[in-house]
Amino acid sequence: MMKKFMALLLVCCMTLVLFSGCTQTKTEEKFPAEAITLVVNYGGGGSTDLSARALAKAAEASLGVPVTIENKSGGSGSTGVIEVQNSKNDGYTIGTLTYSPLAILPYQMTVPYTIDDFDFIMGYGEYRYGIAVKSDSPYNTIEDLVNAARENGGMAFSASGYPQPFAMQKIAEKEDVIFNYVPFSSGSDAVTAVLGGHVEATVGIISSVVPFLETGELKLLASASSKRWDEAPDVETLEELGYEDASIQSYVGLGAPAGISEENLKILREAFAKAFEDQEFQDLMVKLQLPASYISGDEYKTLCQEGFEANKVLLENVTQ
Amino acid sequence: MEIKESSVEKYGGIVIGLLTLLLYFWVIPSQIGHVKKVPVEPQTLPKILAIIMFVLSIALSVTGHLNRHKANQKVYKVALSEMKLVFFSLGVLIVYTVVVSHIGYMITTVASLAALMYAFGQRNRIKLIGVSVLVPLGIMIFFTKLMQIHLP
Amino acid sequence: MFLLLLQGFGDIVLNIHNLIFLIGGVALGLIMGAIPGLTSTMAIALIIPLTFYITPVQSLVMLLGAYNGGIFGGSLSAILLATPGTPASAATAADGFKLALQGKAGKAIKMAITSSIFGCLFSSIVLIIIAEPIARYALKFGPGEYTVLMIFSLTIIASAAGKSVIKGLIGGILGLLFGMVGLDPIYSVPRFTFGIPYLGSGLSLVVMLIGSLAVSEIFRQIESVSMGRVSAHLPPPTCREDDRLSFSEMKQSFKSMMRSALIGCGIGSLPGLGPTLAAYIGYDMAKRNSKNPDLFGEGSLEGIAAAETANNAVCGANLIPLLALGVPGDTVAAILIGAFMIQGLTPGPLIFREAPELVYSIYAGLILSNIVLFIIVMLTHKGFSRIARLETTIIYPVVLMFCIVGVYALNQSIFDIWIMMMFAIIGYIMVKFDFSPATMMIGFILSPIFELNLRQALLISNNQLSIFFSTPITWVFWLITLYSVYNILNRKRKERQREKQQAIL
Numbered sequence: 001m002m003k004k005f006m007a008l009l010l011v012c013c014m015t016l017v018l019f020s021g022c023t024q025t026k027t028e029e030k031f032p033a034e035a036i037t038l039v040v041n042y043g044g045g046g047s048t049d050l051s052a053r054a055l056a057k058a059a060e061a062s063l064g065v066p067v068t069i070e071n072k073s074g075g076s077g078s079t080g081v082i083e084v085q086n087s088k089n090d091g092y093t094i095g096t097l098t099y100s101p102l103a104i105l106p107y108q109m110t111v112p113y114t115i116d117d118f119d120f121i122m123g124y125g126e127y128r129y130g131i132a133v134k135s136d137s138p139y140n141t142i143e144d145l146v147n148a149a150r151e152n153g154g155m156a157f158s159a160s161g162y163p164q165p166f167a168m169q170k171i172a173e174k175e176d177v178i179f180n181y182v183p184f185s186s187g188s189d190a191v192t193a194v195l196g197g198h199v200e201a202t203v204g205i206i207s208s209v210v211p212f213l214e215t216g217e218l219k220l221l222a223s224a225s226s227k228r229w230d231e232a233p234d235v236e237t238l239e240e241l242g243y244e245d246a247s248i249q250s251y252v253g254l255g256a257p258a259g260i261s262e263e264n265l266k267i268l269r270e271a272f273a274k275a276f277e278d279q280e281f282q283d284l285m286v287k288l289q290l291p292a293s294y295i296s297g298d299e300y301k302t303l304c305q306e307g308f309e310a311n312k313v314l315l316e317n318v319t320q
Numbered sequence: 001m002e003i004k005e006s007s008v009e010k011y012g013g014i015v016i017g018l019l020t021l022l023l024y025f026w027v028i029p030s031q032i033g034h035v036k037k038v039p040v041e042p043q044t045l046p047k048i049l050a051i052i053m054f055v056l057s058i059a060l061s062v063t064g065h066l067n068r069h070k071a072n073q074k075v076y077k078v079a080l081s082e083m084k085l086v087f088f089s090l091g092v093l094i095v096y097t098v099v100v101s102h103i104g105y106m107i108t109t110v111a112s113l114a115a116l117m118y119a120f121g122q123r124n125r126i127k128l129i130g131v132s133v134l135v136p137l138g139i140m141i142f143f144t145k146l147m148q149i150h151l152p
Numbered sequence: 001m002f003l004l005l006l007q008g009f010g011d012i013v014l015n016i017h018n019l020i021f022l023i024g025g026v027a028l029g030l031i032m033g034a035i036p037g038l039t040s041t042m043a044i045a046l047i048i049p050l051t052f053y054i055t056p057v058q059s060l061v062m063l064l065g066a067y068n069g070g071i072f073g074g075s076l077s078a079i080l081l082a083t084p085g086t087p088a089s090a091a092t093a094a095d096g097f098k099l100a101l102q103g104k105a106g107k108a109i110k111m112a113i114t115s116s117i118f119g120c121l122f123s124s125i126v127l128i129i130i131a132e133p134i135a136r137y138a139l140k141f142g143p144g145e146y147t148v149l150m151i152f153s154l155t156i157i158a159s160a161a162g163k164s165v166i167k168g169l170i171g172g173i174l175g176l177l178f179g180m181v182g183l184d185p186i187y188s189v190p191r192f193t194f195g196i197p198y199l200g201s202g203l204s205l206v207v208m209l210i211g212s213l214a215v216s217e218i219f220r221q222i223e224s225v226s227m228g229r230v231s232a233h234l235p236p237p238t239c240r241e242d243d244r245l246s247f248s249e250m251k252q253s254f255k256s257m258m259r260s261a262l263i264g265c266g267i268g269s270l271p272g273l274g275p276t277l278a279a280y281i282g283y284d285m286a287k288r289n290s291k292n293p294d295l296f297g298e299g300s301l302e303g304i305a306a307a308e309t310a311n312n313a314v315c316g317a318n319l320i321p322l323l324a325l326g327v328p329g330d331t332v333a334a335i336l337i338g339a340f341m342i343q344g345l346t347p348g349p350l351i352f353r354e355a356p357e358l359v360y361s362i363y364a365g366l367i368l369s370n371i372v373l374f375i376i377v378m379l380t381h382k383g384f385s386r387i388a389r390l391e392t393t394i395i396y397p398v399v400l401m402f403c404i405v406g407v408y409a410l411n412q413s414i415f416d417i418w419i420m421m422m423f424a425i426i427g428y429i430m431v432k433f434d435f436s437p438a439t440m441m442i443g444f445i446l447s448p449i450f451e452l453n454l455r456q457a458l459l460i461s462n463n464q465l466s467i468f469f470s471t472p473i474t475w476v477f478w479l480i481t482l483y484s485v486y487n488i489l490n491r492k493r494k495e496r497q498r499e500k501q502q503a504i505l
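Residue numbers (the UniProt record's numbering), protein chains in the order written: chain E, 1 to 320; chain W, 1 to 152; chain A, 1 to 505.
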């Protein structure tokens, strides 16, 4: 009886050791030799997550290994970024390093990373923004909004976070009126606030606004990005209307912890650049209404750094 | 030991009141930034809640004090002997959490399961080992293969 | 429209592939929901990557099945193990488990499944017939209106308190404060984060739930184990009656079910609220209007019916703002938007034009998922109950491990496990001294919605309080709030009268 028991115990122990000892050994052969992990810093199903998945799927062909997605959401996008920062820089862990946690968030909370902690693979999308009002409202141009704000001593607008309010801030500064920023948790919430008549205008993300442009319930007064919207080519940008510096931008891109070897970075950059051209990925980006624009890794880094510098103005609002 | 309900109310109220003061004067100012020039700022609502909580704690304390001679009060039994197992379980959980990222999921879980089951009185060796090994195994298969979630 | 609906049904039932995905989704959701720590949201997030490879109909029915199954799955573990598998089942746990302790687990489960599908079918029908007008009406709820609705919901805390309103309110405020951990909703200033970026997104409801309701309850059960109770965790049914749900029992709870279904529909169609809130409000409303209010909390079938109907009604109602406006009602719906987009569709006003057949397949899928759920549960519930009757020495350690792993799996974060344990200790102390962790949960859920809308409203109105009295909706809710408070005070008064009478006797 005792012997049988010991035998059973031994077998179990061995199984355990087998399983727990199952750490993969990284070979020094060609990179990549095994699966790459892509950490997405937002939750499953969102546009960042979906676009990253499509990109990953397309990149598997050139890389020759699976690219598995890990969602590490939280901290307004910082948790995933921190995860990448803390990973080994052997090239097997990369992640979506979006503009907002890098260039805006550090002003709102203490984050342990800086832009220099990362090597960037590429940027692949730029979020588009625009100023929209309800169709049956009396406003047809930005000027109308400004006049109304002047008469009423202020106007409330909705948006789902920075950098959107910057657009209105710049207009307000130039025209010497007050625009009150009312934050909402998501782009669609900001839009419904306008539809319900609770705020007069919104600086909305393109994907939340376009459906209502098509049904005619919203009017787009201006594009708040550097380019006009494809869906509304007649609507001017804020810059065209005379408000320099009023265009806002936010990007999504991929990166890895700093210190990755030149060779590996090159391989990753090439693979993902190729994946960017993949038709399925491009189609998905259109569906997500996340305009796909290829930004080289170095350019992306510069964009983030410049944005970081320009956002110092956020510091004025908060003191600890 | 046995504690009367009114005593719980009285002393509980005092404890909560003190904690609330701590909250208002130390935790809130140190943890929440101050936004100037606006009437409603991040600290406003927490401070209001702290004040309400303080009032409630006083009310609780006073109720307890006034009721101290009430008949038919509920009596709370706090017996440490009863809670031994709870403390043990808590201890196992704490050790588990500390250790799991270093030793790895499999070993930690098996050990913890076995320890808990043994402490609870399970002596049947087959059941002990069987459950301790099979359950974590099952969990691991489920999570890593099906759901592609990495365990430490 | 009826023809299209029939077509939708045909699409699923006759196409064996679609049917398999539906059943698979329900089963997956059920299992995920039943395991403490895993939620239907997780199940859905997992299925999303799969949807790349399958047809739109298949992915959507699978997701809807998982959603529905998940919300019910939580009730299984709530009843059998006193640990709600998902937050939505938190209100069911108390009564469900008490009934299980009496050997009536089968009855409780049957009541839960019946009410759940009733709720979901009801809201599905509402969805199909009047989604558009309801969604339009829901638009009228702006920050001011939501704030007053929240004030009403806060009164639920007092009502859920049980004997001592003061203790209940303290619990509620504690929950409200916990809800403020994270970034300030307006200024994004970190609050109560102690310098830890992870806390920047706040505490997770599921973690708090598992800790304060599930693990603390297990600790309570463990107490009795140390007193020598090594026997089965749950007693077997004492008689055949205990396993069955009689028609008259169902009839008794019918009013509560109807009421809860309406409440669930209402709450579901307002973005941002969620099934947990619906369950608590439904439960509370039933308790106030019931002939046996004292039974609530001690094993009331009516209570289970009320909670379950409400939380599953949210399933269908959640799709109302999603389909009509493209606005997700809660996190699950937000993930569903992603699924839609993968397939190239944008939920919202355009979807009825772009892909009406798909919409009707969704409707059909929703209705069918209920039937599938019912069948699966009826077939397997005995098995589940049998598991729950295992020895305590096996069950509790295993469930504890599941809780830990489940919580870890949420965000792959060890930190979450620590938070869970903190709440377990808090919950344990609370229960020991007759505080109700439920009040803390309700406060926690309400806190972000309440504060956000309150401050948004003040921003819009430039700090004028008049915004809270500006529209008919606000007046209605103020009246409901006043009535609720009056009702609570009345009940307390009657209770005290009864106590005095008993003392005299």
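To be clear, the hints were calculated from the coordinates, so they are not data collected in a lab. A portion of the hints provided could be inaccurate.
[Said to hold, decoys possible] What the simulated footprint calls covered on chain W by chain A, stretch by stretch (three residues with Cβ under 8 Å from a Cβ of chain A suffice, anywhere in the stretch; the number is not a length):
# : stretch
1 : 48 to 57
2 : 80 to 88
3 : 106 to 115
4 : 130 to 144
Glycine included, each C-beta is placed from N, C-alpha and C at the ideal position.
Item to check | Per-stretch coverage check for the stretch 80 to 88 of chain W, three Cβ contacts closer than 8 Å to chain A | outcome: holds (count 6)
Next on the checklist: Is the listed coverage of the stretch 48 to 57 of chain W by chain A valid when you require three or more residues with a beta carbon under 8 Å from a beta carbon of that chain?
Outcome noted: Our answer is that it holds, as 6 residues pass the Cβ test (under 8 Å) against chain A, meeting three.
Next on the checklist: Closer than 8 Å Cβ to Cβ for three or more residues is the test here. Does the stretch 130 to 144 of chain W pass it with chain A?
Outcome noted: Result for this restraint: holds, n = 5.
Item to check | Per-stretch coverage check for the stretch 106 to 115 of chain W, three Cβ contacts closer than 8 Å to chain A | outcome: Answer holds; 3 residues pass the 8 Å Cβ test.
The structure is consistent with each of the numbered hints, conforming to all of them.
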